[in-house]
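Assembly of the complex is requested from the two constituent chains, each provided in isolation within its own frame, with the hints serving as guidance.
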Amino acid sequence: MSLQIVLNVIIAFMWMFLSETYTFPSFFTGFLIGALLLFFLRRFIPDAFYLHRVWKMIRLVFLFIKELLLSNIDIVKWVYKPKQTYNPGIFALPTDLKTNWEITILTSLISLTPGTLSVAVSHTNDVIYIHAMDIYDNEEAINAIKDSFEKAIMEVTR
Amino acid sequence: MTENMTNILILLLLVIGTFFILSATIGVLRFPDVYTRLHASTKAATLGISGIMIGAFLFLNAEFQIVSGKLILGIIFVLLTAPISAHMIGRAAHHTGVKPWGRDQEAQDEYADDYRNQK
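Going line by line, the protein sequences match chains A and B. In terms of the numbering used here, the first sequence opens at residue 1 and continues consecutively. In terms of the numbering used here, the second sequence opens at residue 1 and continues consecutively.
All the pointers check out, no bait thrown in.
Okay, derived cross-link-like pairs now, SDA-like style, lysine to any residue, Cα gap no bigger than 20 Å in a straight line:
{"hint": "1", "chain 1": "A", "residue 1": "K77", "chain 2": "B", "residue 2": "V28"}
{"hint": "2", "chain 1": "A", "residue 1": "K81", "chain 2": "B", "residue 2": "T25"}
{"hint": "3", "chain 1": "A", "residue 1": "K77", "chain 2": "B", "residue 2": "V15"}
{"hint": "4", "chain 1": "A", "residue 1": "K81", "chain 2": "B", "residue 2": "S41"}
{"hint": "5", "chain 1": "A", "residue 1": "K98", "chain 2": "A", "residue 2": "T157"}
{"hint": "6", "chain 1": "A", "residue 1": "K81", "chain 2": "B", "residue 2": "I26"}
No wet-lab data here; the hints were simulated from the structure. Being a predicted model, the structure only gives us computed values, none of them experimental.
One chain only, chain B, in its complex shape (with noise of 0.2 Å):
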């Protein structure tokens, strides 16, 4: 009974996991620019990595009995290091000169404003 509801568990982690995955691709796809992407690919792509390495965890652990450290060092890391990426992304494509993408009119950018009266 116990083992059914475990697999039940990593299935569901399993799913959701490759479920927001499958979003992220779909939303990098369908949004207009370079920073509407990152809100896709960083937010969408931490949770469902987080959920696949809990499921494998759990899954090392209920078949080998092994409690796998690396996996949770992994979902750390990955939680440290996707928002500063994003950043630096979407710093690296401001300097370059891309304006983000407005509806109707052109786009609020108070960084822009305040980085041209900075010269």
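Next up, chain A with everything else stripped away, as it sits in the complex (with noise of 0.2 Å):
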């Protein structure tokens, strides 16, 4: 991963230096250049692609933007309801990410996302407490979020 892209910088800087106009644009192109080889010779250098990692990385960041979005409408909605008929409580969400890194990202995707609220982390790491606006559909939020952003994190982190 990291050869990859120290390899892609120096193919950058020469591009730059080949071409003798040493502005951002040509670094640019540079780059481009470098991530095409590296694309295409990718057989031969060890680990996976680097740049599909980054794809994945922008794929999660525009599946945190949704559900920011959905998010606040759904909370909006329940604020300006003349009638309040959630029921709030908070449910145990087992999860099978294990570094700090991990979890940070997930209780802040789950805080961001529609009735949900990170509370707390156990002290084993392997439970989040959720409180949800809307205790009785519990089962499918922990599906939710074990389907979508889990995986989503997974597929960046290993």
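Here's what the structure looks like:
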């Protein structure tokens, strides 16, 4: 991964010196050419193609923005409903993520998605406690988080 | 023509941003306990602040030809810190013994159950 980034930057600098224009656009062209070369030579370089992982990261960011917009609309609906019919509560979400870094991202994502707010992480780092606006669709919420967020985070970090 | 369009876009972004912040405030007033209020203040406020800041960014760009990176950084920092501060406030509230509010009966609280079992 890091070897590929270094290679890519070196190719970009080489392109800059070869074309003798020391500006950002020429660096960027060099970077694109380097990425293309790495893509075609990916069979001979150790590790998977690193831009693949960058692409997954961008996908995660877009997922985050989408969920943020949805959650805002959701909470505004709750605020302006004349009759407040929600039933809040705290439920436990067992998680497969291991490192602190992954769990931090997951809790942040949970906090900014519709109807859920992370309250605590257990001492053993494998259960996240979540406060939900509506406790009835408990199982459904767990499955949704497991399917979308955990998978997306795992694709980036592993 | 295009100037008009950007003006309308800026106006829309600012109005949407203020609307979401206003809703967050009303939510804080209407909801029954700490946790539900945190829902309102973290979620609606992030989109409200993002809207206002993007509106300001476009305005500075259209009026003075300034590309203000600070405003974009501001959005990113709000998005990074809002969920973490909400998490800490919720945790602190739970540790000081605030019970989650429940309709009709006592609310389901698996965190309190597990916490008791550990002791």
